[in-house]
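J.: Sequence:
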Amino acid sequence: MTADLHVLTQSLVGVLVLLVVATAVLWAYGVPHRFAPALAIARGAVQLALISLVLSGVITDGRWVAVVLALMFAVATWTATRRIGRGTATLGIVAVAILAGAGVALAIVFATGAIELSPRYALAIGGIVIGNAMTVAALAGRRFLEIVDSRWEEVEGWLALGATPRQSTAELTRVAVHAALIPATDQTKTTGLVTLPGAFVGAIFGGLSPLEAGRFQIVVLASIMAAAAITAVVVARGLGPIRSRPTVPA
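All residue numbers for the sequence shown refer to the working numbering, where the first residue is 629 and numbers rise by one.
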């Protein structure tokens, strides 16, 4: 018990020092929302503590796992929508995009037997894929609005020539999709060279051999890429028909 308390204390000190450094750097450079990283970590710590308590009792029950995944999906949709803005219309687009991306990827993984269909694996890979789909949805949406805003004269020119709103931004949606996929693509390309992904490390700590952990991680990465591609395309296409210059949320 004393050893566990000592480790917890050391972890807390390390986290606090890291947060002080992050906040100090942002403050010194005059970055807005300088306390956002610290607040995010504090919120994440509370949420992880709560979800750890909940999952210890539901991880083997498929029904409760489905409830948890549904909650993850709802929070992911809401979070990405807030990053993009533009109201309830965006909420529907983001919901469809994340559901399509994560749903197709997970269906393929379990249908092919790449990963065993069980409550714990569904929760593990489902959470990873939904989280990455959320990030890609926000990136695709924001990047699209930024590009349209910066190239609005071009869009207006197409509209003046008789193009439909969707046609006037067709090329810009493709640029936005490409930009949104860059982080996931780079992370996948550098796996094992620059980073050791959490799923890989966690699988090893959980008792799997490095070879089996590597197999699991490759399936996870492929799932992320498939979900990201679908999500980004659906978001960009859904936002595509624009008739007025957009406002990019801060």
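These aren't lab readings, by the way, just hints derived from the structure by calculation.
Idealized CB from N, CA, C, for every residue including glycine.
Take these hints with a grain of salt, some might be off.
As the list claims (entries may be wrong) - Okay, the calculated beta carbon distance ranges per label pair:
hint: 1; residue 1: 736; residue 2: 699; range: 22 to 32 Å
hint: 2; residue 1: 660; residue 2: 691; range: 38 to 48 Å
hint: 3; residue 1: 645; residue 2: 716; range: 16 to 26 Å
hint: 4; residue 1: 661; residue 2: 699; range: 25 to 35 Å
hint: 5; residue 1: 818; residue 2: 839; range: 17 to 27 Å
hint: 6; residue 1: 778; residue 2: 814; range: 35 to 45 Å
hint: 7; residue 1: 837; residue 2: 659; range: 42 to 52 Å
J.: A separate judgement is required for each hint: does it hold in the structure or not?
T.: The hints, checked one at a time:
1. Under the hint 22 to 32 Å, the C-beta atoms of residue 736 and residue 699, about 23 Å apart, fit the expected range.
2. Distance hint for residue 660 and residue 691: a CB-CB separation of about 43 Å, consistent with the stated range 38 to 48 Å.
3. The hinted window of 16 to 26 Å between residue 645 and residue 716 is violated, with their beta carbons roughly 42 Å apart.
4. At about 26 Å, the beta-carbon gap between residue 661 and residue 699 stays in the expected band of 25 to 35 Å.
5. Roughly 20 Å separates the CB atoms of residue 818 and residue 839, a value that falls within the hinted 17 to 27 Å.
6. Look at residue 778 against residue 814: about 23 Å separates their beta carbons, and that is not inside 35 to 45 Å.
7. Evaluation of the 42 to 52 Å hint for residue 837 and residue 659 yields a pass: the beta carbon distance comes to about 44 Å.
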